[in-house]
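Asker: So the chains spell out like this:
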Amino acid sequence: GAVVSQHPSRVICKSGTSVKIECRSLDFQATTMFWYRQFPKKSLMLMATSNEGSKATYEQGVEKDKFLINHASLTLSTLTVTSAHPEDSSFYICSARGASGRVSPYNEQFFGPGTRLTVL
Amino acid sequence: LAKTTQPISMDSYEGQEVNITCSHNNIATNDYITWYQQFPSQGPRFIIQGYKTKVTNEVASLFIPADRKSSTLSLPRVSLSDTAVYYCLVGDGRNAGNMLTFGGGTRLMVKP
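Listed in order, the protein sequences are those of chains H and U.
Each residue of the first sequence is one higher than the one before, counting from 17 in this note's numbering.
Each residue of the second sequence is one higher than the one before, counting from 17 in this note's numbering.
Be aware that one or more of the hints could be misleading.
[Claimed, not checked] Pairwise CB distance ranges (calculated):
#1 H:G77 with U:I24: 23 to 29 Å
#2 U:T72 with H:S34: 44 to 50 Å
#3 U:V71 with H:V19: 19 to 25 Å
#4 H:I28 with U:V71: 24 to 30 Å
#5 U:P81 with H:I28: 46 to 52 Å
#6 U:E74 with H:S21: 31 to 37 Å
#7 U:Y29 with H:I28: 20 to 26 Å
#8 H:Q76 with U:N41: 21 to 27 Å
#9 U:M26 with H:T134: 28 to 34 Å
#10 H:H101 with U:S90: 21 to 27 Å
#11 H:S25 with U:M26: 28 to 34 Å
[Unchecked claim] No farther apart than 25 Å at their CA atoms in a straight line, the calculated lysine-lysine pairs in the DSS-like style are these:
#12 H:K57 with U:K68
#13 H:K30 with H:K71
#14 H:K57 with U:K127
The hints are simulated quantities; they were obtained by calculation from the structure and are not laboratory data.
Ideal placement from N, C-alpha and C gives every residue a C-beta, glycine not left out.
Same shape as in the complex, but just chain H (with noise of 0.2 Å):
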């Protein structure tokens, strides 16, 4: 129990264009929703936290009108990185934890495997 999914696992993309990531628990409701930004050798970033139905919270820096984060459903989030540019490719990973102690009694985060973005 507990799958969370991505898709695509691996995006190329154009300079210029925009990609749109999905977040989906398989088999548990997920009221908060995270996406992390992880470069090559390095820790996971916190980007953002979404909780389903409203707006979410952006850390320090990180653009919210070019990282759209759409947390629509309990089981869905999206991540759209709009206008995308060679410095935006990374490893982007989501996490998502459901109601505590409903899912883990650990209130754990469980975490989708990644998408891999490539910009040219």
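Position chain U against the provided structure of chain H, taking the given hints into account.
Answerer: Just chain U, lined up with the frame of chain H:
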């Protein structure tokens, strides 16, 4: 948020026990300690969580001293497949809190 400090890297050999220590000097009363494992190009995977003393599950043990200013993840008899990055996170996870800040992690290399 309690900041964590871990060794950047560690080497070990198959069959050995590996202990990775994490320092979190400003841990708060409500904070729990959670460890995640990450393989290249994959999302992190939960390993173990604890609050104090010792916690053991099927894959690891977590030792937390009385002052809780550090914790040690113990991996018994590692294999090549345990080569990964291990992250220690500290936060009030039980209350949907803020266990969201990843430190640098420890890159474990298991050699044959």
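Asker: It remains to establish, for every hint, whether it holds in the given structure.
Answerer: Outcome of the hint check:
Separated by about 24 Å at the C-beta atoms, G77 (chain H) and I24 (chain U) satisfy the suggested range of 23 to 29 Å. A hinted range of 44 to 50 Å holds for the C-beta pair T72 (chain U) and S34 (chain H), which are about 47 Å apart. In this structure the supplied range 19 to 25 Å holds for V71 (chain U) paired with V19 (chain H), their Cβ-Cβ distance being about 24 Å. For I28 (chain H) and V71 (chain U), the Cβ-Cβ distance of about 43 Å falls outside the hinted range of 24 to 30 Å, so the restraint is violated.
Between P81 (chain U) and I28 (chain H), the C-beta spacing of about 48 Å keeps the proposed range 46 to 52 Å intact. At about 25 Å, the beta-carbon gap between E74 (chain U) and S21 (chain H) misses the expected band of 31 to 37 Å. Our hint of 20 to 26 Å for Y29 (chain U) and I28 (chain H) is violated, since their Cβ atoms are close to 39 Å apart. Taking 21 to 27 Å as the suggested C-beta distance range, the pair Q76 (chain H) and N41 (chain U) conforms, at roughly 24 Å.
Checking the proposed 28 to 34 Å range against M26 (chain U) and T134 (chain H) shows it holds: the Cβ atoms sit about 31 Å from each other. The hinted range of 21 to 27 Å is not satisfied by H101 (chain H) and S90 (chain U), whose Cβ atoms lie roughly 44 Å apart. For S25 (chain H) and M26 (chain U), the hinted distance range of 28 to 34 Å is satisfied, since their beta carbons lie about 29 Å from each other. Between K57 (chain H) and K68 (chain U) the CA atoms are separated by roughly 31 Å; this puts the pair beyond 25 Å, and the hint is violated.
At roughly 28 Å between alpha-carbon atoms, K30 (chain H) and K71 (chain H) are farther apart than 25 Å, so this suggested pair is violated. Between K57 (chain H) and K127 (chain U), the direct Cα distance comes to roughly 20 Å. Compliance with the 25 Å bound is thereby established for this hinted pair.
In this structure, the hints that do not hold are numbers 4, 6, 7, 10, 12 and 13, in rising order.
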